Amino acid sequence: MTMITNLAWRLFKHEARRGELTIILLAIVLSVSAVLSLSLFSERLQQALKSRSAAFIAADTQLRSDKPVDEAWLAEAQSRELQTAQRISARSMVFGEENMSLVDLRAVNSTYPLKGDITVSDMPFGSPEVIDGLPEPGHAWIQSRLFQTLDIELGDQVEIGDSLFTVSRVLIDIPDAGFSVFNTDPIVLIRLQDIEATSVVGPGSRADYVSYFAGNDGALEDYYDWLSPQLNREVHRWRAVSDDDSAIGRSVASAERYFLLASLLAIVLAAVSIAVAAQRYSQRHYDPVAIMKTLGATKSTIRWVYLFQVVFIALAGIFIGVIIGLVGQQLVVWALADRVDVALDVWHWRPFFIAVFTGGICALLFSLYPLMQLFSIPPLRVLRRDMNASLSSKGIQFLSAGSAIFLLMFAYSRNLEISLILFVSGVALVVGLVAVTYGLILIGRKLGAGSMGPWQLAWARIRRRAMDNSVQLISFSVTIMLLLVVLVMRNDMVEQWRSQLPEGTPNYFLINITPEQKDALDTHFSQRDVSIDAFYPVTRGRFASVNGESVRTSVSKEDEGEGESSRQGLGREANLTWSNLLQKENNVVEGTWHGGLDTTDFAASGVYPVSVEQEIAMRLDIKMGDNLTFNIGSEIVNTEVTSIRTVNWQTMQPNFFFIIHPEAMEAFRPTYITSFFLPTERKPELTSLLQPFSSITMFDVDARINQLREIVDQVSVAVEFILVLVLAAGSLVLIAQVQASMDERRQELAILRTLGAKGKLIRQSVVFEFVIIGLVAGGMAALANELSLYMLQSRVFQMESSIHLEYWLIAPLVGAIVVGILGALGCWRLLALNTSQLLRKMV
Amino acid sequence: MIKTANVTKTVTTTEGDLQILQPISFEVNTGESIAIIGASGSGKSTLLGLLAGLDEVSEGEIFLDDAPLHNMDEEARAVLRGQKVGFIFQSFMLVQSLTALENVMLPAEIAGLDNPKKRAQDILEQVGLSHRAHHYPNQLSGGEQQRVAIARAFITQPKILFADEPTGNLDAANGKKVEELLFNLNKEQGTTLVLVTHDNTLAQQCDRQLTMQGGVLTESTLIGVEDRKEAV
Chain L
0 MTMITNLAWR LFKHEARRGE LTIILLAIVL SVSAVLSLSL FSERLQQALK
50 SRSAAFIAAD TQLRSDKPVD EAWLAEAQSR ELQTAQRISA RSMVFGEENM
100 SLVDLRAVNS TYPLKGDITV SDMPFGSPEV IDGLPEPGHA WIQSRLFQTL
150 DIELGDQVEI GDSLFTVSRV LIDIPDAGFS VFNTDPIVLI RLQDIEATSV
200 VGPGSRADYV SYFAGNDGAL EDYYDWLSPQ LNREVHRWRA VSDDDSAIGR
250 SVASAERYFL LASLLAIVLA AVSIAVAAQR YSQRHYDPVA IMKTLGATKS
300 TIRWVYLFQV VFIALAGIFI GVIIGLVGQQ LVVWALADRV DVALDVWHWR
350 PFFIAVFTGG ICALLFSLYP LMQLFSIPPL RVLRRDMNAS LSSKGIQFLS
400 AGSAIFLLMF AYSRNLEISL ILFVSGVALV VGLVAVTYGL ILIGRKLGAG
450 SMGPWQLAWA RIRRRAMDNS VQLISFSVTI MLLLVVLVMR NDMVEQWRSQ
500 LPEGTPNYFL INITPEQKDA LDTHFSQRDV SIDAFYPVTR GRFASVNGES
550 VRTSVSKEDE GEGESSRQGL GREANLTWSN LLQKENNVVE GTWHGGLDTT
600 DFAASGVYPV SVEQEIAMRL DIKMGDNLTF NIGSEIVNTE VTSIRTVNWQ
650 TMQPNFFFII HPEAMEAFRP TYITSFFLPT ERKPELTSLL QPFSSITMFD
700 VDARINQLRE IVDQVSVAVE FILVLVLAAG SLVLIAQVQA SMDERRQELA
750 ILRTLGAKGK LIRQSVVFEF VIIGLVAGGM AALANELSLY MLQSRVFQME
800 SSIHLEYWLI APLVGAIVVG ILGALGCWRL LALNTSQLLR KMV
Chain Y
0 MIKTANVTKT VTTTEGDLQI LQPISFEVNT GESIAIIGAS GSGKSTLLGL
50 LAGLDEVSEG EIFLDDAPLH NMDEEARAVL RGQKVGFIFQ SFMLVQSLTA
100 LENVMLPAEI AGLDNPKKRA QDILEQVGLS HRAHHYPNQL SGGEQQRVAI
150 ARAFITQPKI LFADEPTGNL DAANGKKVEE LLFNLNKEQG TTLVLVTHDN
200 TLAQQCDRQL TMQGGVLTES TLIGVEDRKE AV
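Sequences listed follow chains L and Y, in order.
Read the first sequence against numbering that gives the first Met the number 0 and you will find it ends at 842, with the numbers running on by one and no gaps.
Read the second sequence against numbering that gives the first Met the number 0 and you will find it ends at 231, with the numbers running on by one and no gaps.
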């Protein structure tokens with residue numbers, strides 16, 4: 000064994016010193032460093048985004064319940080070193096001196112919030128300040144607009160249920176205030192211990208019991224596993240950051256999937272480059288193996304000598320790759336530090352293991368077949384130089400490499416869908432390419448005929464090296480396709496994120512506008528160069544019955560079976576609107592929008608069309624054709640469900656559960672809702688803008704929108720960085736491939752040179768050859784890119800998939816240019832040597 | 000030392016089977032040197048491959064130092080080669096990624112001999128290349144490369160040495176040098192030599208000359224050992 004390791008080490012050492020291992024070593028270094036830096040960075044970034052998002056639910060996870068939760072559950076969480084906090088919230092009336100208002104009362108314990116900050120101010124609508132604390136017992140912090148509604152000042156007292164509270168601060172924001180602009184009441188924050196005395200929460204009342212948990216992912220998962228069997232799905236809802244369906248939640252989730260995709264592609268790129276390099280390495284060792292066999296080395300000796308070499312190369316590659324990967328991602332984190340908030344001190348082991356595993360597996364699996372070929376070299380090659388490996392089934396090679404790639408992708412992503420999509424597109428690409436290669440050979444036979452110009456030489460070479468070229472073509476195409484997927488995916492995704500919050504998205508909302516104020520408001524605002532959105536008529540109405548069956552007006556579980564209807568209702572008054580126009584981001588999924596309906600029959604029967612939002616329809620068990628009754632004041636409005644809509648609740652526009660036909664509502668006096676956009680720097684003008692309209696209530700969502708936008712920007716920057724990394728990895732793979740193929744060309748170049756061919760002819764023919772290969776590879780890549788994008792976008796990213804025609808032109812062009820240039824550079828390097836040097840290198 | 004009986008070689012081509020060696024029978028005695036001469040494509044290298052155990056016979060028997068090559072698998076033949084056989088090739092066949100010294104050490108290491116490095120240094124000294132020990136093959140001239148190959152062939156003190164056109168790639172001066180070295184070491188170590196060449200002068204230095212023509216081997220002019228000594 001010592002002899003074998005010595006020999007292996009000696010071969011490894013010399014090959015390394017002579018630069019013969021550069022390509023294969025580079026491939027492994029590349030795979031390890033790309034995978035490490037990508038996954039380490041994305042892990043850190045995900046952590047950062049997660050903790051940011053966690054701030055929006057004030058914890059890592061929430062358990063929401065309609066009933067108080069078992070104290071033992073919290074104790075168990077604490078014993079697992081999870082942080083916990085509690086909140087009870089209820090809708091309640093708050094009374095000032097003269098006025099009263101419905102509020103969202105939130106009673107929290109001393110550990111709230113586990114994530115994120117509470118902001119307060121000294122005056123209503125004042126600038127926010129982060130505060131590390133909570134209201135004293137007996138005190139309440141209330142939101143700005145409540146000061147308006149109740150007409151009170153700081154230090155005044157308000158009455159909530161049976162208790163009196165001193166208003167000690169203006170509450171600007173709490174982490175889990177939610178993004179919904181409408182159907183929300185101003186928040187009043189008090190201490191948990193004060194809630195009982197108010198008697199607001201008790202039998203028959205509707206309250207939310209929220210338990211907050213924070214801690215490391217593993218502990219949270221374990222805890223959930225423990226808790227899950229005890230949860231009642233009707234009462235309890237477990238909510239994690241990743242379940243967050245807000246704009247942020249979805250951006251983070253799609254960014255995570257993108258990182259995963261990019262890392263997977265990096266692995267595939269690395270695998271391709273290792274396969275190319277290993278093939279080269281194996282071919283270059285045909286002679287030494289034949290010599291060693293001739294000199295009496297047995298098969299097992301040869302096997303061990305080369306396996307040890309692979310191990311040495313893999314170890315060296317992994318070691319250098321890990322260092323480069325660490326340094327690289329650290330540099331990028333530093334460079335991005337002021338744009339993306341990434342914790343530098345957190346060390347994640349998973350990426351490290353994945354990188355080492357990838358390096359090891361790639362080095363072994365992708366060199367396995369070339370090595371098997373190498374081992375099968377007959378000793379007779381020393382006499383008959385044309386004798387090659389007796390093992391030469393490309394089918395087996397593709398099968399083994401393919402399954403290895405699939406296993407790697409699956410092991411890494413643990414996502415069968417993404418892995419399958421990429422794999423199937425890859426296989427389709429390979430099959431297509433083999434067909435194209437043979438097509439090219441046929442064309443080449445025709446085009447290559449005639450006198451020997453550079454074109455003819457190029458075609459002749461393509462034809463003659465058909466099998467080698469098909470491997471090369473496949474690796475070029477796969478590389479280009481993967482780069483395209485990452486690039487286009489990034490463009491589409493970032494565009495989609497940005498379009499959620501375009502410039503000029505309304506950041507202030509006005510409600511309680513009387514019909515008389517409508518025009519005056521419009522004029523007043525336009526004089527001050529602020530444009531106002533559409534006015535939506537609104538009236539408060541109680542949803543009373545479905546098909547004559549009255550609904551519960553309260554939905555607490557305790558009420559069930561107490562004689563009242565078992566049909567669930569909204570539990571509160573709803574904002575009803577009427578319109579003939581379907582709003583933006585509303586889509587009718589069942590029935591017909593009533594804007595176009597003939598209302599003669601409706602007018603006769605006194606039953607008017609209503610459109611219901613899909614989720615509320617499901618929750619309240621409302622179907623098409625159901626008759627819904629609303630009580631508005633003392634009046635009754637009868638409606639029939641003529642359409643069911645989906646609504647994008649993420650849009651910053653007023654959205655409604657029920658939209659009634661305008662004719663039904665003619666008799667009612669509405670108030671109006673509208674919104675407007677005011678740049679953040681013009682915020683001081685707000686007071687003068689609203690001054691003439693003291694009865695109008697304003698919602699300020701500017702800060703929320705800015706937060707959202709900031710996060711989307713950060714995620715976009717991160718995604719761009721990852722794009723650059725994958726592009727760099729891909730380019731290096733292309734270079735490695737061209738370099739590898741240049742070795743094979745050396746002999747031919749030497750012969751052509753010896754025969755007196757001019758450098759120009761040789762150079763042109765090589766460039767033409769690469770241009771043809773790059774053109775075809777780019778075209779095929781564009782095709783495969785479309786296929787995989789379609790599947791990825793529609794199945795994994797839940798995006799609208801689209802055709803990217805521009806890449807059908809760009810990909811072949813860029814393919815031809817880049818591959819052509821790389822070919823020219825490689826060729827130029829060879830031609831810089833004189834003929835005798837070339838000939839000597841051949842030996 | 001070498002005994003062949005009715006050895007044939009048939010290869011399968013697209014146009015059917017092709018017999019490239021007609022039944023061949025001859026013997027080579029221990030210490031004897033023979034030259035197989037013939038034109039290109041006559042089948043002499045094929046015969047060399049069979050005699051050296053690099054290839055398998057289609058029919059017939061070959062005994063190499065009493066070992067039945069025709070009954071041995073590739074593994075067993077490799078072990079036998081390592082123990083008893085040395086090679087010299089027209090294209091030198093040095094491992095490009097090893098230095099001259101390491102190339103010479105290689106067979107000694109494979110055969111498990113002790114002190115391979117010392118042995119290699121000594122024999123490089125003998126072929127006059129100790130100063131080139133740490134050079135790679137492509138840093139050496141053709142003549143030097145072939146001298147390294149000769150050193151490599153003799154390091155295990157093989158019983159039989161096969162040489163395939165050893166001077167074919169060299170100019171006259173270098174060819175002469177290599178020739179002298181080859182025969183001197185051969186004589187010194189008492190090795191049996193099988194030499195394939197189309198160079199009659201080189202062939203004349205061997206004890207016997209066998210001529211290969213169209214796959215048929217015939218014994219040509221016999222020059223006795225004594226005569227050869229006189230000739231030299």
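Simulated from the structure, these hints should not be mistaken for lab results.
Take the hints with a grain of salt, since some may be wrong.
Which stretches of chain Y does chain L cover? Using the computed rule of at least three CB atoms under 8 Å from a CB of chain L, they are [unchecked claim]: (1) 82–90; (2) 103–111; (3) 180–189.
On a predicted model such as this, the values are computed, not experimentally measured, just so you know.
Using N, Cα and C, we set each Cβ at its ideal position, and we do this for glycine too.
Hint-by-hint comparison with the structure:
no. : hint    : result
1   : 82–90   : holds (count 5)
2   : 103–111 : holds (count 6)
3   : 180–189 : violated (count 0)
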